[in-house]
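Taken in sequence, the protein lines are chains A and B.
Going by this note's numbering, the residue at position 36 of the first sequence is 36; the numbering climbs one at a time, nothing skipped.
Going by this note's numbering, the residue at position 20 of the second sequence is 20; the numbering climbs one at a time, nothing skipped.
FYI, nobody ran anything at the bench for these hints, they're computed from the structure.
A few of these clues could be false.
[What the hints assert, rightly or not] A few chain B residues facing chain A, derived, Cβ under 7 Å:
#	residue
1	L90
2	N100
3	I113
Keep in mind that this is a model prediction, so the values were computed, not measured.
Yeah, the Cβ is synthetic: ideal placement off N, Cα and C, and Gly gets one too.
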Amino acid sequence: DAKTTQPPSMDCAEGRAANLPCNHSTISGNEYVYWYRQIHSQGPQYIIHGLKNNETNEMASLIITEDRKSSTLILPHATLRDTAVYYCIVRVPSGGVSGNTGKLIFGQGTTLQVKP
Amino acid sequence: KAGVTQTPRYLIKTRGQQVTLSCSPISGHRSVSWYQQTPGQGLQFLFEYFSETQRNKGNFPGRFSGRQFSNSRSEMNVSTLELGDSALYLCASSLVAGTNQPQHFGDGTRLSIL
Chain A
1 DAKTTQPPSM
11 DCAEGRAANL
21 PCNHSTISGN
31 EYVYWYRQIH
41 SQGPQYIIHG
51 LKNNETNEMA
61 SLIITEDRKS
71 STLILPHATL
81 RDTAVYYCIV
91 RVPSGGVSGN
101 TGKLIFGQGT
111 TLQVKP
Chain B
1 KAGVTQTPRY
11 LIKTRGQQVT
21 LSCSPISGHR
31 SVSWYQQTPG
41 QGLQFLFEYF
51 SETQRNKGNF
61 PGRFSGRQFS
71 NSRSEMNVST
81 LELGDSALYL
91 CASSLVAGTN
101 QPQHFGDGTR
111 LSIL
């Protein structure tokens with residue numbers, strides 16, 4: 001699985017958009033980009049994932065560059081409850097029922113501090 | 001829909017003892033993975049189970065083991081506990097192993113070794 005690079009920390013003002021970058025320059029063609037976040041003392045929470053098209057759900061938007069070497073997670077209107085560690089992970093699905101590479105390799109992530 | 005449930009939430013043991021942690025996946029999810037989280041090493045993959053079979057294993061000693069039952073519930077066991085086993089143990093479930101379906105995590109069991 002490709003490695004990812006994220007800034008260790010970022011600040012964002014409450015109500016503003018939070019844009020969290022991730023570099024995955026060695027990503028291969030069949031690897032998906034996943035984003036999780038972890039709020040203190042809780043398990044990681046799945047946010048969004050994508051292959052090459054931009055994706056949006058009720059939590060966030062994921063923008064993947066055309067060459068797929070980087071991506072940005074966008075929280076459109078950050079709140080204090082969005083303060084967390086955000087992890088960007090790339091993973092290749094191994095293919096169906098007999099697959100055995102379900103593991104996620106977590107880096108150190110980005111600590112996002114949303115300030116009032 | 002209920003999320004991933006892990007029991008117990010907190011556990012205190014002493015060196016040399018053994019411990020069993022339990023995980024109930026989201027209803028309908030058949031794949032269960034376990035992770036260990038420590039301040040020094042971060043989140044590390046332990047193993048993955050699907051259809052009652054271990055599909056993948058991380059770089060942990062044989063003291064760490066697990067199993068999955070026919071209802072997809074899973075347990076992990078750590079024998080001969082060491083101080084370094086103090087950690088947050090997380091369970092994650094997904095619909096099927098090895099697809100692009102995301103894993104969903106429980107809130108973990110915090111294990112403290114005295």
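Results for each hint:
1. L90: L90 of chain B check passes; min Cβ-Cβ to chain A is 5 Å, inside 7 Å.
2. N100: Hint holds; N100 of chain B Cβ to chain A Cβ min 5 Å, cut 7 Å.
3. I113: Given a least distance of 19 Å, the restraint on I113 of chain B is violated.
Consistency note: the structure conflicts with earlier hint 3 alone.
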